[in-house]
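Those protein sequences? They're chains G and F, same order as listed. Each residue of the first sequence is one higher than the one before, counting from 1 in my numbering. Each residue of the second sequence is one higher than the one before, counting from 1 in my numbering.
Derived by calculation from the structure, the hints in this document are not laboratory data. A few of these clues could be false.
Below, a sample of chain F positions facing chain G; criterion: calculated Cβ distance under 8 Å [stated by the list, open to error]:
{"no.": "1", "residue": "THR26"}
{"no.": "2", "residue": "SER28"}
{"no.": "3", "residue": "LEU34"}
{"no.": "4", "residue": "GLY43"}
{"no.": "5", "residue": "GLY102"}
Per the computed footprint, the stretches of chain G lying under chain F, defined by three or more beta-carbons under 8 Å from a beta-carbon of chain F, are [to be verified]:
{"no.": "6", "region": "14-23"}
{"no.": "7", "region": "35-45"}
All values reported here derive from a predicted model rather than from experimental measurement. Positions of the beta carbon are idealized from the N, C-alpha and C atoms, including for glycine.
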Amino acid sequence: DVKVTQSSRYLVKRTGEKVFLECVQDMDHENMFWYRQDPGLGLRLIYFSYDVKMKEKGDIPEGYSVSREKKERFSLILESASTNQTSMYLCASRSMASGFTGELFFGEGSRLTVL
Amino acid sequence: DQQVKQNSPSLSVQEGRISILNCDYTNSMFDYFLWYKKYPAEGPTFLISISSIKDKNEDGRFTVFLNKSAKHLSLHIVPSQPGDSAVYFCAAILAGNQFYFGTGTSLTVIP
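Build the full structure now, drawing on both the sequences and the hints.
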C-alpha cells in the first residue's frame with residue numbers, strides 16, 4: 001500500500017513563527033502536492049513538484065514556500081505564520097507511470113492553528 | 001474561479017436508500033474525473049474515477065455517471081450504509097496533471 005506520511009497531525013504556532021510541514025511518501029512517486037482544505041472552499045493547491053528539485057506554484061502560493069531535495073520528501077514552509085493560515089494541510093503524491101489516470105494518494109493531514 | 005462545483009454542501013439519506021452526489025464543471029477539456037471520500041481528521045481516499053470518453057463506471061455499490069453535454073458528474077451509492085457517512089469531493093484532471101477539486105458534500109447516512 002502507498003503510504004504518505006505527514007510529520008505532524010496537530011500544530012499550534014504563534015503569529016510570525018516559521019513553520020515546517022514535512023511529507024514523506026514511500027512509493028517512489030514523481031509528483032507531490034500540498035493542498036489546504038478550508039470549509040466551503042474545498043481543496044486548494046498551494047504548490048506542487050513534478051520531480052526532485054522541481055516546484056511549481058499552485059493557486060494560492062502566497063506566504064508559502066516548498067522544498068524537494070529528495071524524491072520521497074516534500075516540505076511546506078510558512079516563513080512567517082499568520083492567522084489566516086490556520087487550516088488543514090494535506091500532502092499528496094502520484095505516480096506518472098499510470099498516465100492521466102494516476103490518482104492522488106493523500107496523507108492524513110496536518111491541522112495547523114496560528115494564534 | 002471555481003471550475004468544479006458541488007452545489008450541495010450536505011445530504012442526508014436513510015440507510016439502504018440511494019445517495020446521489022452531484023458535481024458540475026465548466027471546462028470541457030478535463031480528461032478524467034474522480035471522486036474522493038474523506039472522514040474527519042483523515043486525508044481523502046480515492047473512490048472511483050471515469051474517463052471523459054465514458055459515460056458510466058461502476059464499482060460495487062458505487063457508480064459514477066458523466067453527462068458531458070451538461071458538464072455534470074454524479075456519484076450514486078446503492079445501498080447507502082452508515083459507514084458511507086463522510087465528505088465527498090469530486091475532482092477533475094486537466095492535461096494529465098492539474099487537479100481541480102469541488103468544495104465537497106457532507107453525506108450523512110441515517111441508520
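For each hint, the structure was consulted:
no.	hint	result
1	THR26	15 Å, violated
2	SER28	16 Å, violated
3	LEU34	6 Å, holds
4	GLY43	3 Å, holds
5	GLY102	6 Å, holds
6	14-23	violated (count 0)
7	35-45	holds (count 7)
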